[in-house]
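Model the placement of chain B on the given structure of chain A, informed by the hints.
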Amino acid sequence: MFASNNKITAKQFAMLLSIYIFGTGVIMLPRRVVAFSEQDGWITVLIALLFACICLFFILKAASIYPNDSFYDYTSKIVSSPIAVLLSAGFAVRIILSVSMEVRIFGEILKQTILYKTPYSVTSALLLAIGAYCAVKGYETRGRIGEILIFLIFVPAAFLFITAMASADYTNLLPVLNTDLKRTVLGGIFTTAAFSGIEFILLAGSFIRDKENIKKFSFKAVIIMGIAMTLITMITICVFGVNDTKRQMWPVIELMNIIEIPGAFLERQDAVTISFWIMSEFMIANAGLFFSSLLLNDIFKKGKRKSYIWASAFIAYAISFVPESIEQAAELAYKINIFLGGFYFFAVPVIIIIFSKLRKAGNCNE
Amino acid sequence: MNKLSLFFMLIFTLFLLTGCFDKTELENSSFVLAVGFDKDSVSLGFPEVSNDGGRSEESKGDKKDKNVLTAEGLNSAYCIDEIDGCLTGELDLSQAKVCVVGSDVLKDEKHFKEVIDYVERNNEISRRVIILAAEDKSSDILNAKSSQSEMPGLFAADFYNNNVKNTDYTFKKDLQEVITDILETGTTVIPQVYSKDDELKLEGAVVIKDYSLKGVLNDKETRCYTLFTQKDFGGFINTEKKGVNISAKVKDKKISSVISEDSDGLVINVKANIKGEIYENSKLYSDEYIQSILSEKVSEDIKDCFELFMKKFKIDAIGINELCEKKYTDIYSKYKDNWNEAFVKMKVNVETDFKITGSGSIKEMSV
Chain A
12 MFASNNKITA KQFAMLLSIY IFGTGVIMLP RRVVAFSEQD GWITVLIALL
62 FACICLFFIL KAASIYPNDS FYDYTSKIVS SPIAVLLSAG FAVRIILSVS
112 MEVRIFGEIL KQTILYKTPY SVTSALLLAI GAYCAVKGYE TRGRIGEILI
162 FLIFVPAAFL FITAMASADY TNLLPVLNTD LKRTVLGGIF TTAAFSGIEF
212 ILLAGSFIRD KENIKKFSFK AVIIMGIAMT LITMITICVF GVNDTKRQMW
262 PVIELMNIIE IPGAFLERQD AVTISFWIMS EFMIANAGLF FSSLLLNDIF
312 KKGKRKSYIW ASAFIAYAIS FVPESIEQAA ELAYKINIFL GGFYFFAVPV
362 IIIIFSKLRK AGNCNE
Chain B
201 MNKLSLFFML IFTLFLLTGC FDKTELENSS FVLAVGFDKD SVSLGFPEVS
251 NDGGRSEESK GDKKDKNVLT AEGLNSAYCI DEIDGCLTGE LDLSQAKVCV
301 VGSDVLKDEK HFKEVIDYVE RNNEISRRVI ILAAEDKSSD ILNAKSSQSE
351 MPGLFAADFY NNNVKNTDYT FKKDLQEVIT DILETGTTVI PQVYSKDDEL
401 KLEGAVVIKD YSLKGVLNDK ETRCYTLFTQ KDFGGFINTE KKGVNISAKV
451 KDKKISSVIS EDSDGLVINV KANIKGEIYE NSKLYSDEYI QSILSEKVSE
501 DIKDCFELFM KKFKIDAIGI NELCEKKYTD IYSKYKDNWN EAFVKMKVNV
551 ETDFKITGSG SIKEMSV
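Protein sequences appear in the order of chains A and B.
If you're matching positions, the first sequence starts at 12 in the numbering used here and goes up one per residue.
If you're matching positions, the second sequence starts at 201 in the numbering used here and goes up one per residue.
The hints are simulated quantities; they were obtained by calculation from the structure and are not laboratory data.
Accuracy of the hints is not assured; some may be wrong.
[As the list claims (entries may be wrong)] Calculated pairs, DSSO-like style, for lysine-lysine (alpha carbon to alpha carbon, straight line, at most 30 Å): (1) B:LYS310 - A:LYS257; (2) B:LYS203 - A:LYS317; (3) B:LYS203 - A:LYS257; (4) B:LYS203 - A:LYS148; (5) B:LYS534 - A:LYS257; (6) B:LYS503 - B:LYS555; (7) B:LYS471 - B:LYS365; (8) B:LYS203 - A:LYS313; (9) B:LYS503 - B:LYS547; (10) B:LYS310 - A:LYS193; (11) B:LYS223 - A:LYS128; (12) B:LYS512 - B:LYS239; (13) A:LYS257 - B:LYS409; (14) B:LYS223 - A:LYS122; (15) B:LYS471 - A:LYS257; (16) B:LYS414 - A:LYS257; (17) A:LYS193 - B:LYS536; (18) A:LYS315 - B:LYS203; (19) B:LYS313 - A:LYS122; (20) A:LYS193 - B:LYS526; (21) A:LYS257 - B:LYS527; (22) A:LYS193 - B:LYS527; (23) B:LYS373 - A:LYS122; (24) B:LYS503 - A:LYS257; (25) B:LYS307 - A:LYS257; (26) B:LYS313 - A:LYS257; (27) A:LYS257 - B:LYS431; (28) B:LYS239 - B:LYS223; (29) B:LYS373 - A:LYS257; (30) B:LYS313 - A:LYS128; (31) B:LYS503 - B:LYS449.
[To be verified] Footprint (simulated), chain A over chain B, 3 or more residues, beta carbon under 8 Å: (32) 232-239; (33) 372-382.
All C-beta atoms in this analysis are idealised placements derived from N, C-alpha and C, irrespective of residue type, glycine included.
The following block holds chain A by itself, in its conformation from the complex (with noise of 0.2 Å):
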């Protein structure tokens, strides 16, 4: 019934995509656009979308070269090795700081929100340690808890935020453009970083079974995470005022606890509409993991990827540790994403687009 050959439908790839940019995008992704826009934060959500659209198709074009090679060997074939080998092991560099930072985020969150008593290490420790298990399976089933999961994830959110909207104050999102234009566009440049995911495809392609898909449902996922983000944003700016939006530190958890469910018996809800985001925070975990051990070991070819995997957890552990607060892991995360999240969006889908059609490699051409 089910293939082993570690090969996932395109379909598959968008259902992880959207999960992915779910986990790292939103939290804290109002708060982010309001400093900039004010309440036309969601007009910068739209500007990221579309920025991200443009990065989405230079990623489609570069990873469609050699559509069967990995990353490593592709970019070997186009800008040499010692380049492929920089770029590579700077790639597992970024996704392993995020996975750390993300994980940080993660536990001191619960710690402050849920878990008042369980220490940072210890639910940041179990979260790597499945995250981890689950990389070594390998793609296909990592493909098919995000078809589970998607479900369990976004259908309870949709609903939450279906309620907070019957409620919410729309005329705080009035008056509409009344905010420079130019802050809201560079506002949206620095926000495509809420899209961070997007850049796997370049590692993703070879395991991909309908390569004449990925394009389609890379597209769709994208997009609908962007008017779900945009949603979201809207809804947030509604409930809580711009001024209250931006000094709260993960407006969209907070929003998720103070919605009314009309009918609900359950006073507090707060463990309930958390664990959404706790699902997606583990396949942000086991995402990065899976991929930084396909880099490392491309880079090293020596040992087993499950070695790698292990390697990567332990890393990403001892790194989480380096912030003082979670402030701090915030700030970092961003800049993360922006910089070196912003690097392997744009400018090296672009190199490896230019050195192919320069030397005429694989299907640059098409």
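The following block gives chain B in isolation, referenced to the frame of chain A:
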């Protein structure tokens, strides 16, 4: 996976079944239902757990103060820490239903700001906790016994969940709304609670500007305020004509305001569309006549609301500056630096259209 690894994993899992770091046993927790803030003290109200729920005379006599613990100290966190030291169970603020703020705190800008800051920062206390202003000390409210409920926290929570839509002398205000009001406009209006003849009464309100008490609304003034500002107004419009009482219950209310300016300053035109049911009309006046009387009364009440905030308090706590900022940006940009002065001189025109949708089980046939 080999059998030995599987065996150790199963054994390890058994240890996890005993509970984690945050395992909570109900009998080991001290749940707080109400929190009261006074100038130098904080009071915490705990549920009544005697067999009869505190209703008998025996339990009332001895246990009057045992459900409420008060501590004095430097600040709110210090006081709550002091109370925590007297408890056998772990203090749990996550089930707090109401925060009562004493009048001495409301009059002190610095202290009220600290209280709001403490409650907001504390992740245990929900942002949906109801905020009430006490007439005097909040500890008096927490210690008061009501015939309706043994705990002030439960009384207020049940009232606002079940009955608030049927009254116009109070309204629900939670922490999130207070924070949003203060951050967006600098002003807020908080419902008041007081204890009289062993009954807790939710009636009246206080006006806060820049974290400081600026005025108190009595029941009639609160009614005018809720009529104009509250979406879920379900109270009565009562009036008298030629010695006959006429009363109608509001079923649906839509109020829209349009702001413009003339040579003298701001002008606001308020249009109210109200639907209601007749509850008292002993003279059996016609529907059209009743509608005109009630429309007149509603217009009068809305104008009274404006008069109250423009002339008596001289504070815009009814959301006009917010409305102007959001929908009339050009006009707002002219007046934003001295909004209060412009608000106080604003011309108010009110037009009401009251429609009767029912008259109970009595309806005179027209021949």
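Output the indices of the hints that this structure fails to meet, ascending.
Structure breaks hints 3, 10, 15, 24, 28 and 32.
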